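What follows is each chain in one-letter form.
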Amino acid sequence: MMDLIKHFFPNVVPLWSGDGGVVEAINQTLYMTFWTTLIAGILGLIIGIALLLTDENGLWANRPFYSILDKLVNIFRSIPFIILLAALNNVTRLIVHTGIGPTAALVPLIVGSAPFYARQVQNALVTVDPGVVEAAESMGLSPMAIVFRVYLREGLSELIRVSVLTIISIIGLTAMAGAIGGGGLGNLAINTGYLRYENDVIWVCLIFLLVLVFIIQFIGDLFARKTNHAS
Amino acid sequence: MSAETVVDFKDVDVIFKEKNKKAVHAVNHVSLNVERGDIYGIVGYSGAGKSTLVRLVNLLQRPTSGSVTVLGDDMAKLSASELRQKRRKIGMIFQHFNLMASRTIADNVAFPLRGVASKDEIKKKVADLLELVGLTDRANAYPAELSGGQKQRVGIARALASDPEVLISDEATSALDPKTTVSILDLLKSVNQKLGITIVLITHQMEAVKQICNRVAVMDSGQVIERGTLLDIFAHPQQKLTKDFVDTTMQMSATIKTISKQKAVQNLGPEKRLVRLTYLGSSTDQPMIATLFSQYSVTANILFADIQSLQNTPFGNLIVVLTGTEQDIDNALKYLNDSDVTVTPVDLKEVESK
Chain X
11 MMDLIKHFFP
21 NVVPLWSGDG
31 GVVEAINQTL
41 YMTFWTTLIA
51 GILGLIIGIA
61 LLLTDENGLW
71 ANRPFYSILD
81 KLVNIFRSIP
91 FIILLAALNN
101 VTRLIVHTGI
111 GPTAALVPLI
121 VGSAPFYARQ
131 VQNALVTVDP
141 GVVEAAESMG
151 LSPMAIVFRV
161 YLREGLSELI
171 RVSVLTIISI
181 IGLTAMAGAI
191 GGGGLGNLAI
201 NTGYLRYEND
211 VIWVCLIFLL
221 VLVFIIQFIG
231 DLFARKTNHA
241 S
Chain G
32 MSAETVVDFK
42 DVDVIFKEKN
52 KKAVHAVNHV
62 SLNVERGDIY
72 GIVGYSGAGK
82 STLVRLVNLL
92 QRPTSGSVTV
102 LGDDMAKLSA
112 SELRQKRRKI
122 GMIFQHFNLM
132 ASRTIADNVA
142 FPLRGVASKD
152 EIKKKVADLL
162 ELVGLTDRAN
172 AYPAELSGGQ
182 KQRVGIARAL
192 ASDPEVLISD
202 EATSALDPKT
212 TVSILDLLKS
222 VNQKLGITIV
232 LITHQMEAVK
242 QICNRVAVMD
252 SGQVIERGTL
262 LDIFAHPQQK
272 LTKDFVDTTM
282 QMSATIKTIS
292 KQKAVQNLGP
302 EKRLVRLTYL
312 GSSTDQPMIA
322 TLFSQYSVTA
332 NILFADIQSL
342 QNTPFGNLIV
352 VLTGTEQDID
362 NALKYLNDSD
372 VTVTPVDLKE
382 VESK
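So the protein sequences, as listed, match chains X and G.
Heads up, the first sequence is in the working numbering, so the first residue is 11 and it goes up one at a time.
Heads up, the second sequence is in the working numbering, so the first residue is 32 and it goes up one at a time.
Treat the hints as calculated values from the structure; they're not laboratory data.
Don't take each hint at face value.
To be verified - Once the Cα atoms are required to be at most 27 Å apart in a straight line, the calculated DSS-like pairs of lysine-lysine come out as:
1) G:LYS53 <-> X:LYS236
2) G:LYS303 <-> G:LYS288
3) G:LYS155 <-> G:LYS120
4) X:LYS81 <-> G:LYS271
5) G:LYS117 <-> G:LYS274
6) G:LYS108 <-> X:LYS236
Stated by the list, open to error - Chain X is nowhere near these chain G residues, computed Cβ spacing over 10 Å in every case:
7) GLY122
8) LEU163
9) SER193
10) SER340
11) THR344
12) ASP378
To be verified - One-sided excerpt, in silico: chain X residues whose CB lies under 8 Å from chain G:
13) GLY30
14) GLY31
15) GLU34
16) THR137
17) GLY141
18) VAL142
19) GLU144
20) GLU147
21) SER148
22) ILE156
23) GLU164
24) LEU166
25) ARG235
26) THR237
27) HIS239
Keep in mind that this is a model prediction, so the values were computed, not measured.
Each residue gets a CB set at the ideal place from its N, CA and C atoms; glycine is no exception.
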């Protein structure tokens, strides 16, 4: 078995553990994915709900506020991530006092994915039946209570679906951030695998990224199904 | 018993303005009052403004001008938190039920009570309400598993959870089949009688109004064009639209069309007249048709007869061909008028041209 692995992945075996190894790269990818998901998730949820509420049909309809927030989200969503990485370099140094490594990568990752998630949240919650929202209003619920007890509850299944989509896209972004010094599997695949012509390293990175994506998709689908009672 | 006004519309206007569009006058100078214990029916075709009107009651719609007073308070002048308290006294049920798909039936009914009552109180209240609407055995089902009629029963139970004094029904039976409609209306009537809840019901189905309402307003293009007690509106409709609505409960236009094809009414001579007779209540105690013959020598050939019950008062409609001399028929019609029978000539040409 070991011989077989050595035969197909000659460069991976000595590179398995230790500094710059595969295990470290996996940990870094998980680290970046986790913190980005958490922070961008909270920010995106807040911005998404703000968009939902201040939209012209929302509970706190406010045209100027909506239009500014809407445009900001659009602008940040239109910037190609690789350029955002470079552009935010100074901001990153200011916040985390370093320009390289997984922690430094968190800044552009969050800036890049929070607006994406905000839009997804908005689109997911807009699908909640306006009639149900009206019914809750007629029962004397406050707008905040309607957000938590109606929107987040009735839209939960859809919210899980877009969250999975966002996490998978964040994994993609961590690989890109890795390529310019963020660390993780992306860094390993490009700086070791691609630049040194060690193709087996690329394949191993790819397999681990795919496994990660499949696990998240599987868990997400499970929860989305469990929370959907609409049909 | 002096009646207490529960909902009072005073000269209310609602105007919708949209950019680059003509302003829509959805509610046009409406004044209306609903008294405690009423089942007040507001009837009109879609677009007549009745849905907007009824949303003024719990301020889901703000009036452009005028005032809406509910249970003593001008709705537009309440603060946000006062308004939320007031809304708990105004239950609402909807055409499409608007239940929460992610919650069970019991949770849907408990929804307005969470954070207001204790767990035990909620449990008991939900059990009581589900029993009232006859859905005790479906407590743990989800709305998607229920039929339309059952969903509306859940809607009613939910609307009653916060012990409202007024219940607004927004086309609550319009998405249901006729048999289910009757059972939901029966449930509303018993809610009105057992719990003393005032109901404001809007619909385009005159059948629904006929079954449970005691007072009626007819709306057309934002205005209330006619109003009165149920008996008044059925026995003496004034406006064309009101007459049309009353006729829908007897399928009168279809009936007249059928009659117009009968031999008895084709080529009516000068000695024959086709008329519609409408009477309410006590008129039925007299042997009307027999009197026409014995006292006025006029024979009546009954082509169509329909008797309905309006709040336990018989309401009759007959279409007859009267035969006799012109003088005799005139005398006979005068007698009918004197005994509170409304006589309207039936014009077949008008029907055929429709």
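Status of the hints after comparison with the structure:
1. Between LYS53 (chain G) and LYS236 (chain X) the alpha-carbon distance is near 47 Å, which puts this suggested pair outside the 27 Å criterion.
2. With a CA separation close to 19 Å, the supplied pair LYS303 (chain G) and LYS288 (chain G) stays within the 27 Å bound.
3. Distance hint between LYS155 (chain G) and LYS120 (chain G) is fulfilled; the C-alpha atoms sit about 20 Å from each other, no more than 27 Å.
4. A distance of roughly 54 Å separates the Cα atoms of LYS81 (chain X) and LYS271 (chain G); the hinted pair therefore is violated under the 27 Å criterion.
5. Using a Cα cut-off of 27 Å, the hinted pair LYS117 (chain G) and LYS274 (chain G) is violated, with the two alpha carbons roughly 37 Å apart.
6. As the CA atoms of LYS108 (chain G) and LYS236 (chain X) are separated by approximately 44 Å, the hinted pair breaks the 27 Å bound.
7. Distance check on GLY122 (chain G): its Cβ comes as close as 8 Å (rounded) to a Cβ of chain X, failing to clear the 10 Å threshold; non-interface status is violated.
8. Distance check for LEU163 (chain G) against chain X: the nearest CB is about 18 Å away, which clears 10 Å, and the non-interface claim stands.
9. Separation of SER193 (chain G) from chain X is inadequate, the least Cβ-Cβ distance of about 7 Å not exceeding the 10 Å criterion.
10. No beta-carbon of chain X comes within 10 Å of the beta-carbon of SER340 (chain G); the shortest separation is about 34 Å.
11. The Cβ of THR344 (chain G) lies farther than 10 Å from every Cβ of chain X, with a closest approach of about 35 Å, so its non-interface assignment holds.
12. Taking the minimum C-beta to C-beta distance to chain X, about 45 Å, the non-interface status of ASP378 (chain G) holds against the 10 Å cut.
13. Of the supplied interface hints, the one on GLY30 (chain X) is violated, with its beta-carbon coming no nearer than about 47 Å to a beta-carbon of chain G, more than 8 Å.
14. Taking 8 Å as the C-beta cut-off, the interface hint given for GLY31 (chain X) is violated, the closest approach to chain G being about 45 Å.
15. A cut of 8 Å between beta carbons decides the hint on GLU34 (chain X): the least distance to chain G is about 42 Å, and the hint is violated.
16. For the restraint placing THR137 (chain X) at the interface with chain G, the shortest Cβ-Cβ distance is roughly 11 Å, beyond the 8 Å limit, so the hint is violated.
17. For GLY141 (chain X), the shortest C-beta to C-beta distance to chain G is roughly 4 Å, which falls under 8 Å, so the interface hint holds.
18. Here the hint on VAL142 (chain X) is kept, as its CB sits about 5 Å from the closest CB of chain G, short of 8 Å.
19. The beta carbon of GLU144 (chain X) comes within 6 Å of a beta carbon in chain G, closer than 8 Å, and the hint placing it at the interface holds.
20. At about 6 Å, the closest approach between the beta carbon of GLU147 (chain X) and any beta carbon in chain G falls short of 8 Å, and the interface hint on this residue holds.
21. Interface restraint check: SER148 (chain X) against chain G, minimum CB-CB distance 4 Å, threshold 8 Å, status holds.
22. A hinted interface residue such as ILE156 (chain X) counts as satisfied when its beta carbon comes closer than 8 Å to some beta carbon of chain G; here the least separation is about 11 Å, so the hint is violated.
23. Of the supplied interface hints, the one on GLU164 (chain X) holds, with its beta-carbon coming within about 5 Å of a beta-carbon of chain G, less than 8 Å.
24. The closest approach between the C-beta of LEU166 (chain X) and any C-beta of chain G is roughly 7 Å, which is under the 8 Å cut-off, so the hint is satisfied.
25. At a threshold of 8 Å, the smallest CB-CB gap from ARG235 (chain X) to chain G is about 13 Å, leaving the interface hint violated.
26. At a threshold of 8 Å, the smallest CB-CB gap from THR237 (chain X) to chain G is about 7 Å, leaving the interface hint in force.
27. A distance limit of 8 Å between C-beta atoms decides the matter here; for HIS239 (chain X) the minimum to chain G is near 4 Å, and the interface restraint holds.
The structure does not agree with the numbered hints 1, 4, 5, 6, 7, 9, 13, 14, 15, 16, 22, 25 stated previously, though it agrees with the rest.
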